[in-house]
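K.L.:
Protein chains in written order, with this note's numbering: chain A, -16 to 159; chain B, 84 to 572.
Derived from the structure by calculation, the hints contain no laboratory data. All C-beta atoms, glycine included, are put in the ideal place defined by N, C-alpha and C. Errors might be hidden in some of the hints.
No farther apart than 30 Å at their CA atoms in a straight line, the calculated lysine-lysine pairs in the DSSO-like style are these [as the list claims (entries may be wrong)]:
| no. | chain 1 | residue 1 | chain 2 | residue 2 |
| --- | --- | --- | --- | --- |
| 1 | B | Lys316 | A | Lys45 |
| 2 | B | Lys445 | B | Lys501 |
| 3 | A | Lys42 | B | Lys92 |
| 4 | A | Lys12 | B | Lys536 |
| 5 | B | Lys501 | B | Lys271 |
| 6 | B | Lys378 | A | Lys45 |
| 7 | B | Lys501 | B | Lys556 |
| 8 | B | Lys476 | B | Lys378 |
| 9 | A | Lys124 | A | Lys42 |
| 10 | B | Lys259 | B | Lys445 |
| 11 | B | Lys445 | B | Lys399 |
| 12 | B | Lys271 | B | Lys200 |
| 13 | B | Lys116 | A | Lys12 |
| 14 | A | Lys43 | B | Lys408 |
| 15 | A | Lys12 | B | Lys316 |
| 16 | B | Lys476 | B | Lys316 |
| 17 | A | Lys12 | B | Lys399 |
| 18 | B | Lys116 | B | Lys93 |
| 19 | B | Lys399 | B | Lys452 |
| 20 | B | Lys369 | B | Lys408 |
| 21 | B | Lys408 | B | Lys365 |
| 22 | B | Lys536 | B | Lys445 |
| 23 | B | Lys369 | A | Lys42 |
| 24 | B | Lys378 | B | Lys361 |
| 25 | A | Lys43 | B | Lys93 |
| 26 | B | Lys427 | B | Lys116 |
| 27 | B | Lys427 | B | Lys370 |
| 28 | B | Lys476 | B | Lys116 |
| 29 | B | Lys116 | B | Lys201 |
| 30 | B | Lys259 | B | Lys378 |
Pair by pair, the computed Cβ-Cβ distance ranges are [stated by the list, open to error]:
| no. | chain 1 | residue 1 | chain 2 | residue 2 | range |
| --- | --- | --- | --- | --- | --- |
| 31 | A | Phe18 | B | Arg250 | 30 to 38 Å |
| 32 | A | Thr19 | B | Glu419 | 54 to 62 Å |
| 33 | A | Phe18 | B | Asp318 | 24 to 32 Å |
| 34 | A | Leu123 | B | Asp148 | 54 to 62 Å |
| 35 | B | Asp148 | A | Tyr76 | 31 to 39 Å |
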Amino acid sequence: MSHKSARYLPLVVTVGQVVIFPYYIIWLKQVSLTFTLFAWFFASFSFAAAWGYRIYQTKKNKDHSYLFIIYAGMGSVYILIGCIKNSYEFLPYVVLPLQVVLGVLQGYFRAWHSDQDTYHLHAVHHYLIVGFMMIGFSFLKIISPVVFITIFGLLLLICGFWEFIRRGKLNVPKKV
Amino acid sequence: MQIMTELLKKPWFLGSLVVIFVAVVLWNIPIEKRKYGLSQGSLVTDYTGLLPQHVERVVKAENRDDMQRIVKEANRNGQKISVAGLQHSQGGHTYYKDGVVLDMRTFNKVLEIDERKKTIRVEAGASWEDVQEAIQPHGLALKVTQSQSIFTIGGSLSVNAHGRDIRFGSMAETVKEMTLLTPSGEIKNITRDDPDEWMKYVFGGYGLFGVILDVTLELTENDVYTIHTGNLKTDQYESYINELLNHRNTAMHYARVSVAPSTFLDDMVVVNYDYTEKQDHKTVLKKEQGVQLSKLALDVGRQGGDLEDLFWGTQKRYIGSLDGKEITRNNVMRSESTFMEYTKPGRIEVLQEFFVPVHAYKDYINDLKQVIPANDRNDDFKVHNITVRYAAKEDFTTLNYAKEDMLGLVVLIQHGLKEEEIANATSLIQSWTNLTLEHGGTYYLPYYRYQTKEQFRSSYPGWEEFEEEKLRKDPNNVFQNMFYEYYVK
């Protein structure tokens, strides 16, 4: 069970991030007053992801990766987004730090994931799964993107909890 | 290149990049603007959005013949026409149920600038900004305009607006000539000595006496002023303004009254623009500056209580920091406005303006303390700002608000949009209006009509003449709006 979780949790997270991306884009576009701001939000995410990536890469003790915090952090951000009910004038000021937090966490996660021996296998699987899932989602009527974003946030929180339980019981095999 | 590659490997460098970028983005996040006007779905609104209404169609004003044809058709088939500019009026002045709206924003050409006579002829849909851009290279400036340049010429004249100038009288008095499309569909050239007295009714006529097509405005030099600021108590202001008007070399002036709890209606700051004998042909027109910071400060003040005290203190310090600086006349007449945007769902910010005779100011302010609470932090009805401006006696227009030398208190109010919240705001503003009337004052008509019909009639005894002339000049009631329907019709 523990072995399976080590194998599948990153896949769940990777697939989920790609699947949620269109919904997240719709939400982000709604809260961006202009295209310029929309693009800046993405730029801040991207810079933060580069930062997160390097934080992991330069980390000395990679056996303690605190993945459960990363999952739970990303989940909390998505749930927070789901809780923002009304659009209001301060929203861009809230979204900007959220983009940075999300960027750092995703960059860190990606760096960690690429360090695992399952990474390349996951890459193939995730493309296939995402393809099929998106076909499935195309038949669903979107009520609101935040519904999907919140569900994904909850899923990530569960992943975080699962990882926390698993942590310490098993050492994830490292790529050689 | 090598150094850059090495730097990009350092997490601290990437982190710094993120922090710097975030700071830049934060500084440049645009301020959300209120959505209003002629394109809000099937209903049109004006700036407050409080009076959504269905109109038959919106016609972009492009040439005189088309507008003339529309007015003549309306006379034949009973249609109603309203005239809209940038729609900053707040009481349904620019539209009418199932009527035709003439959108004047496209009728905005500068027709002629006469540097020698110091005049400009401009189409009524042009904004004051357009005019300033045209006259600034000639070293000229407007005699009277509003403190911001975001309004159309036709709109400002239709509400007979006033601003910071204390020397040139009312805006209406600076119009030399006007071309008017009358309610019967004639195009007339009107001068001040016109026997039919069209100007008397068109200016401050809220779009009910035809369409202002173009006007010739008197201009003055683009003088350079020195800013002088100061702090006062409200009971000192009456003598201060009299001294200023009679003995000081001041061209323009405004003041602010504290609405912060600890200094509520006691403290004032004054800002004067004093002549320097210098003129300016080179300084460019200023753009909006520091709007994010100004908005942040205003948003802090909007929280009320101690934060409103903090805002007032900050405002005083900021105004004090302007003391001694120089500014051109054109730039005084184009203050920032974007920082005042407020778009919180379920709430609205509106303006009201009360005029009170200069000699009654002290008692009026004292009595006002009984009408509005000093600390509105937990109230729905909140007063965020009171700006005081001088309005010289004017008896040129029929619905004139300055029957004697007045001080106009422009009040920024916030309240909720639930039925009971609007009712509460209405009740408070009506009490405020009663107090103003008791002190010989009046209130300004371009804003939302919280006041009763009786209060309107007491404030504007010329309303009967206005109505009679409206029937005479527009017997088919072609020009209509919601303002007229509420107060007069």
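K.L.:
Against each hint, give a clear statement of whether it holds in the structure.
P.N.:
Cross-check of the supplied hints:
A threshold of 30 Å between alpha carbons decides the hint, and for Lys316 of chain B with Lys45 of chain A the separation of about 67 Å lies outside it, so the pair is violated. Using a Cα cut-off of 30 Å, the hinted pair Lys445 of chain B and Lys501 of chain B is violated, with the two alpha carbons roughly 35 Å apart. A C-alpha spacing of about 12 Å is found between Lys42 of chain A and Lys92 of chain B, which places the hinted pair at or below 30 Å, so the restraint holds. Between Lys12 of chain A and Lys536 of chain B the alpha-carbon distance is near 46 Å, which puts this suggested pair outside the 30 Å criterion.
Simply put, Lys501 of chain B and Lys271 of chain B have alpha-carbon atoms about 46 Å apart, too far for the 30 Å limit, and the pair is violated. As the CA atoms of Lys378 of chain B and Lys45 of chain A are separated by approximately 46 Å, the hinted pair breaks the 30 Å bound. Taken as a hint, the Lys501 of chain B and Lys556 of chain B pair is broken in the structure, with Cα atoms around 40 Å apart against an allowance of 30 Å. Proposed proximity of Lys476 of chain B and Lys378 of chain B is contradicted: the alpha carbons are some 34 Å apart, above 30 Å.
Of the supplied pair hints, the one linking Lys124 of chain A and Lys42 of chain A is violated, its CA atoms being roughly 43 Å apart against a limit of 30 Å. Restraint check for Lys259 of chain B and Lys445 of chain B: the C-alpha separation of about 37 Å exceeds 30 Å, so the hint is violated. With a C-alpha separation of about 21 Å, the suggested pair Lys445 of chain B and Lys399 of chain B falls inside the 30 Å cut-off, and the hint holds. Distance restraint check for Lys271 of chain B and Lys200 of chain B: the Cα-Cα separation of roughly 23 Å lies within the 30 Å cut-off, and the hinted pair is therefore satisfied.
For the given pair, Lys116 of chain B sits about 17 Å from Lys12 of chain A by alpha-carbon distance, which is consistent with the 30 Å threshold. Of the pairs offered as hints, the one joining Lys43 of chain A and Lys408 of chain B is violated, with about 57 Å between alpha carbons and a cut-off of 30 Å exceeded. A hinted pair counts as satisfied when its Cα atoms are at most 30 Å apart, and Lys12 of chain A with Lys316 of chain B does not qualify at roughly 49 Å. For the hint pairing Lys476 of chain B with Lys316 of chain B, the CA-to-CA distance comes to about 25 Å; that is within 30 Å, so the pair holds.
The suggested pairing of Lys12 of chain A with Lys399 of chain B is violated, with an alpha-carbon distance near 39 Å, which exceeds 30 Å. For the suggested pair Lys116 of chain B and Lys93 of chain B, the alpha carbons sit about 41 Å apart, so the restraint of at most 30 Å is broken. Distance hint between Lys399 of chain B and Lys452 of chain B is fulfilled; the C-alpha atoms sit about 21 Å from each other, no more than 30 Å. For the suggested pair Lys369 of chain B and Lys408 of chain B, the alpha carbons sit about 15 Å apart, so the restraint of at most 30 Å is met.
Pair hint Lys408 of chain B plus Lys365 of chain B holds up; C-alpha atoms about 17 Å apart against a cutoff of 30 Å. Note on Lys536 of chain B and Lys445 of chain B: the hinted pairing holds, with a Cα-Cα distance of about 28 Å set against a maximum of 30 Å. Between Lys369 of chain B and Lys42 of chain A the alpha-carbon distance is near 51 Å, which puts this suggested pair outside the 30 Å criterion. Among the hinted pairs, Lys378 of chain B with Lys361 of chain B is inconsistent with the structure: their alpha-carbon atoms are about 33 Å apart, more than 30 Å.
Our distance criterion of 30 Å between C-alpha atoms is met by Lys43 of chain A and Lys93 of chain B, whose separation comes to about 14 Å. With a C-alpha separation of about 11 Å, the suggested pair Lys427 of chain B and Lys116 of chain B falls inside the 30 Å cut-off, and the hint holds. Distance check on the hinted pair: Lys427 of chain B and Lys370 of chain B sit about 26 Å apart at the alpha-carbon level, within 30 Å; holds. For a cut-off of 30 Å, the pair hint linking Lys476 of chain B to Lys116 of chain B is broken: about 35 Å separates their Cα positions.
Taken as a hint, the Lys116 of chain B and Lys201 of chain B pair is broken in the structure, with Cα atoms around 36 Å apart against an allowance of 30 Å. For the proposed pair Lys259 of chain B and Lys378 of chain B, the alpha carbon gap of about 39 Å is over 30 Å, so the pair is violated. In this structure, Phe18 of chain A and Arg250 of chain B break the distance hint of 30 to 38 Å, their C-beta atoms being roughly 46 Å apart. About 21 Å separates the C-beta atoms of Thr19 of chain A and Glu419 of chain B, a value inconsistent with the hinted range of 54 to 62 Å.
Between Phe18 of chain A and Asp318 of chain B, the C-beta spacing of about 53 Å breaks the proposed range 24 to 32 Å. The hinted window of 54 to 62 Å between Leu123 of chain A and Asp148 of chain B holds, with their beta carbons roughly 55 Å apart. A hinted range of 31 to 39 Å for the beta carbons of Asp148 of chain B and Tyr76 of chain A is inconsistent with their spacing of about 50 Å.
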